[in-house]
Amino acid sequence: MNAVDGSAHVPQESYAEELEEELPSLLVIVLDVSPAGWGTESPPISLKEAVASLLVFANSHLALNHSNEIAVLAAHSSTVRFLYPPRQTTSSTDESADGNSTNNNGSQGAKGRVGGLTTEEGADPSLREGSPSSGAAGASMYRQFRVVNEAVVEQLDALLSKTSVADIAQPSNPDVAVETSMVSGALSIALSYINRQTGGGEATSGEDVTAAKRARILLVSVCSDLAAQYVPIMNCIFAAQKMKVPIDICKIGKDTVFLQQAADTTGGVYIHLDHPKGLTQYLMTAFLPDRLLRTHLVLPTQSSIDFRAACFCHKRVVDIGYVCNICLSIFCQPPADRSCAICSTVFDPLELSDLTKQPVLIRPNGQKKKAKKKAKRDEGSATPAPAPAAAAS
Amino acid sequence: MSDSDGSYNEASSPESEEVSQLRSSSSGGGMNTRSTRRSNAELRSTTGGGYIWEDSIQRPWDIVQEDEGGSLATAIADLVQSNKRKRLFYEQTPLQRGIIRHLILVLDLSSAMADKDMRPSRYQLSLQYAVQFVNEYFEQNPISQLGVIGMKDGIAHLISQLGGNPAEHITAIQALRKDEPAGVPSLQNALEMARGALYHVPSHGTKEVVIIFGALLSCDPGDIHKTILTLKTERIRVRVVGLAAQVAVCKELCKQTNDGDFLSTYGVILNEQHFKELLLSACTPPASTKTEKSAKGKSASELMRMGFPSRIVETTPSFCACHTRLLKGGYLCPRCNVKVCSLPTECPACGLTLILSTHLARSYHHLMPLRNWYEVEWPEAKRSKASSCFGCHKPFAPVPPTISSSGSSTKIRISTTSSGSTATVSHQDKSTATHTSAAGPTGSTGRFRCPTCHRQFCIDCDLFAHEVLHNCPGCEATSPVSRRQNASSSSKAAAAAAPAFTTAPVQV
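In order, the protein sequence lines correspond to chains A and B.
When you line the first sequence up against this note's numbering, it's residues 15 to 407, in that order.
When you line the second sequence up against this note's numbering, it's residues 56 to 563, in that order.
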């Protein structure tokens with residue numbers, strides 16, 4: 015079999031060396047748990063199944079390297095919550111300690127952390143059944159896997175059981191659930207967490223900076239309506255780009271343009287799941303390799319991304335637009351009242367008339383004489399602009 | 056923090072900067088309306104109004120105090136903290152800013168740059184920082200343009216043309232590394248060349264010149280004051296970073312071209328770090344001024360026609376119109392269907408500005424700045440339930456049981472970070488908290504609170520959120536109802552930016 019998988023030519027020793035030098039990587043999973051996304055009439059995949067797949071994925075990430083770390087965030091429709099590591103009520107754990115020495119004291123610290131949580135008995139067993147940590151398997155399970163699995167399920171359960179109808183109802187129409195989730199907030203928190211874990215801004219010891227972990231974010235998204243969070247999400251994308259943190263997107267449901275842009279800008283993978291039931295396979299094949307490995311792999315990605323902008327006035331998608339130079343808002347046509355609808359700046363009428371000017375067409379020979387007078391009048395715009403520009407005005 | 060020298064330099068530099076600020080403001084009488092940080096710094100300044108050499112000598116070994124264990128770790132940590140806190144004041148008024156910038160970077164390549172007062176030499180260091188500046192400039196101003204000019208042998212050399220591609224400028228600057236600095240600089244020649252390069256700039260763009268000036272002289276062919284006046288009428292703003300000492304003509308140059316505000320535009324460096332700060336501060340888009348508008352007679356605002364091209368992926372390579380490179384992908388101009396390889400650019404065929412919507416989004420944080428967070432006092436820290444930073448999970452320093460002196464509080468902080476048994480300590484804190492809440496607390500809590508969502512953050516997250524992220528993780532994680540209120544208030548603030556700004560006293 016070794017000959018088949020193409021690894022035969024790799025000398026065994028150098029391979030081992032590479033593994034030793036491999037830097038630990040931090041994976042932050044952001045799970046979109048908005049009720050509107052999962053609670054549809056016939057969801058392509060239930061939340062229970064999705065969580066089970068994610069935990070398998072999380073465990074395999076931890077299994078790749080002893081020092082690999084993981085954090086799981088839930089983006090609810092009204093709040094964001096750390097599923098793992100759970101937020102402490104007492105400041106007892108020094109989390110920077112389990113950065114490089116996870117093998118020794120890290121698991122102990124984690125054990126203590128989760129030990130306090132597992133004593134709570136109010137957990138809904140239905141969720142736990144779906145997770146791999148349930149039942150007899152839990153006893154013989156690798157400690158770190160169990161720690162993560164139990165914490166995630168506990169916290170998620172606590173989060174979902176606390177959710178009331180009032181929390182997710184739209185303020186204008188209480189019968190309809192909010193169709194959004196705090197993706198921007200979750201990304202912001204994830205980036206702050208990564209910033210600290212990778213030693214950014216932390217100047218306590220020089221060793222931390224050299225041994226900076228590689229980090230990446232995986233966002234499992236079910237919501238499609240993120241328009242209200244456009245600017246914050248964009249800010250997150252640019253921050254991630256600056257920190258060289260790829261944002262991978264695993265999209266269930268309708269495509270979202272911002273998230274496509276997020277993956278493209280930060281060098282992540284964007285996959286829209288055609289068969290959500292096979293979530294585990296998608297995760298294991300496309301999202302498990304880390305940044306360095308990805309250069310050697312051919313990963314599925316999006317071929318074309320829609321970079322066109324939607325105008326602020328009619329929400330039309332435009333390919334030629336007009337941009338206010340004060341507030342950078344995009345309009346599909348020069349505004350009728352000569353002022354910007356967003357920042358109410360009054361535009362220079364002369365400049366506006368330049369934009370609205372009709373292009374002059376060169377007429378065929380027979381009609382040239384007739385058109386001569388007209389052409390003289392418009393001599394300023396003798397350069398014929400092609401027809402599409404006329405459509406905009 | 057392996058070397059304490061670095062921290063000493065950083066920590067001591069702001070104070071001397073404050074002194075020089077104070078001195079120049081008292082002598083020049085200029086108004087400093089733009090920078091709130093500076094005015095805060097002046098308020099905090101404890102030294103008298105004299106010259107820096109009249110102050111008592113500051114010895115680094117006096118500043119750094121050993122703690123009980125004989126270790127310098129606490130002292131260094133305190134210095135780092137205070138250095139971080141110094142950077143916590145950001146411009147938060149939404150100002151009208153010139154987002155579409157045209158900037159000429161003028162490098163001094165004269166023999167004065169051969170000095171080795173900075174490592175490895177002024178010349179090499181300024182080239183290194185110039186490359187960083189170009190990167191940072193294009194990151195913050197994606198739809199802007201930049202050009203580079205060098206001053207050498209009494210004349211101005213064009214290093215790279217005004218253009219929007221950072222790679223071209225960086226290669227041009229890198230190529231200078233092999234050369235040697237020579238001759239005298241000529242400010243007038245450089246300014247005239249910059250004026251020529253900026254001549255065609257449309258009225259909606261800003262025209263700026265940033266000069267790195269190492270020499271103390273300028274060898275000019277004519278009257279430089281006439282050039283300065285021409286620059287003023289053409290509304291070209293000049294910033295100067297001096298490497299040696301203040302030069303009168305530079306001060307005059309900045310004063311004339313920036314409506315009398317030379318304090319924020321002319322800086323003389325104190326050390327390498329300060330050099331970098333001064334240079335990179337020019338990356339922030341300049342606020343539009345009222346005088347600029349009135350001088351022009353008409354508003355600087357206008358609509359720009361821009362194309363949002365779509366990306367294509369081809370199976371066979373084809374040439375791009377901008378660099379004639381064979382590529383398999385690219386962007387098609389929506390008006391003339393010409394293929395270009397990189398954005399933002401101007402369409403080489405029809406001249407339409409081609410950008411991505413993401414480029415516009417990159418500038419939004421200049422227009423909608425994040426509000427400053429304020430430091431949480433000890434009594435408030437006691438009342439709040441938050442025990443760890445909302446952003447990064449870092450546990451806060453527990454509230455000390457007795458707040459008598461700063462020494463005790465730091466001691467407790469050390470003990471908590473070294474040992475893991477703080478749960479009991481914090482319980483004791485809570486019991487005693489009610490009694491001592493009225494006592495005057497000293498020392499820093501290390502907690503910072505967002506005024507909108509009232510969540511508490513550590514200092515690292517504060518810096519990260521304001522400098523990199525430009526989002527408040529707490530506000531973004533709150534429910535849509537409150538968020539909508541926030542959004543409406545912020546949009547109101549943005550809408551009110553124009554009238555609010557015109558009332559600001561910018562004129563001299």
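Hints are computed from structural coordinates only; laboratory data are not their basis.
Heads up, a few of these hints could be off.
Calculated lysine-lysine pairs in the DSBU-like style (CA-CA distance at most 30 Å, straight line) [unchecked claim]:
| hint | chain 1 | residue 1 | chain 2 | residue 2 |
| --- | --- | --- | --- | --- |
| 1 | A | Lys268 | B | Lys233 |
| 2 | B | Lys394 | A | Lys256 |
| 3 | B | Lys440 | A | Lys258 |
| 4 | B | Lys394 | A | Lys371 |
Some chain A residues well away from chain B (every beta-carbon gap over 12 Å; in silico) [stated by the list, open to error]:
| hint | residue |
| --- | --- |
| 5 | Leu78 |
| 6 | Pro100 |
| 7 | His328 |
| 8 | Asp362 |
For clarity, every value in this text was computed on a predicted model and none was experimentally measured.
Beta carbons: idealized from backbone N, C-alpha and C, even for Gly.
Hint check:
1. Lys268(A) <-> Lys233(B): Judged against 30 Å, a Cα distance of about 55 Å means the pair is violated.
2. Lys394(B) <-> Lys256(A): holds, 28 Å
3. Lys440(B) <-> Lys258(A): The hint is violated at about 34 Å.
4. Lys394(B) <-> Lys371(A): holds, 26 Å
5. Leu78: With a cut-off of 12 Å, Leu78(A) remains clear of chain B, as the shortest Cβ separation is near 23 Å.
6. Pro100: About 9 Å separates Pro100(A) from the closest Cβ of chain B, which leaves it inside 12 Å; violated.
7. His328: At roughly 15 Å from the nearest Cβ of chain B, His328(A) sits farther out than 12 Å, so the non-interface label holds.
8. Asp362: Answer for Asp362(A): violated, closest chain B Cβ roughly 5 Å.
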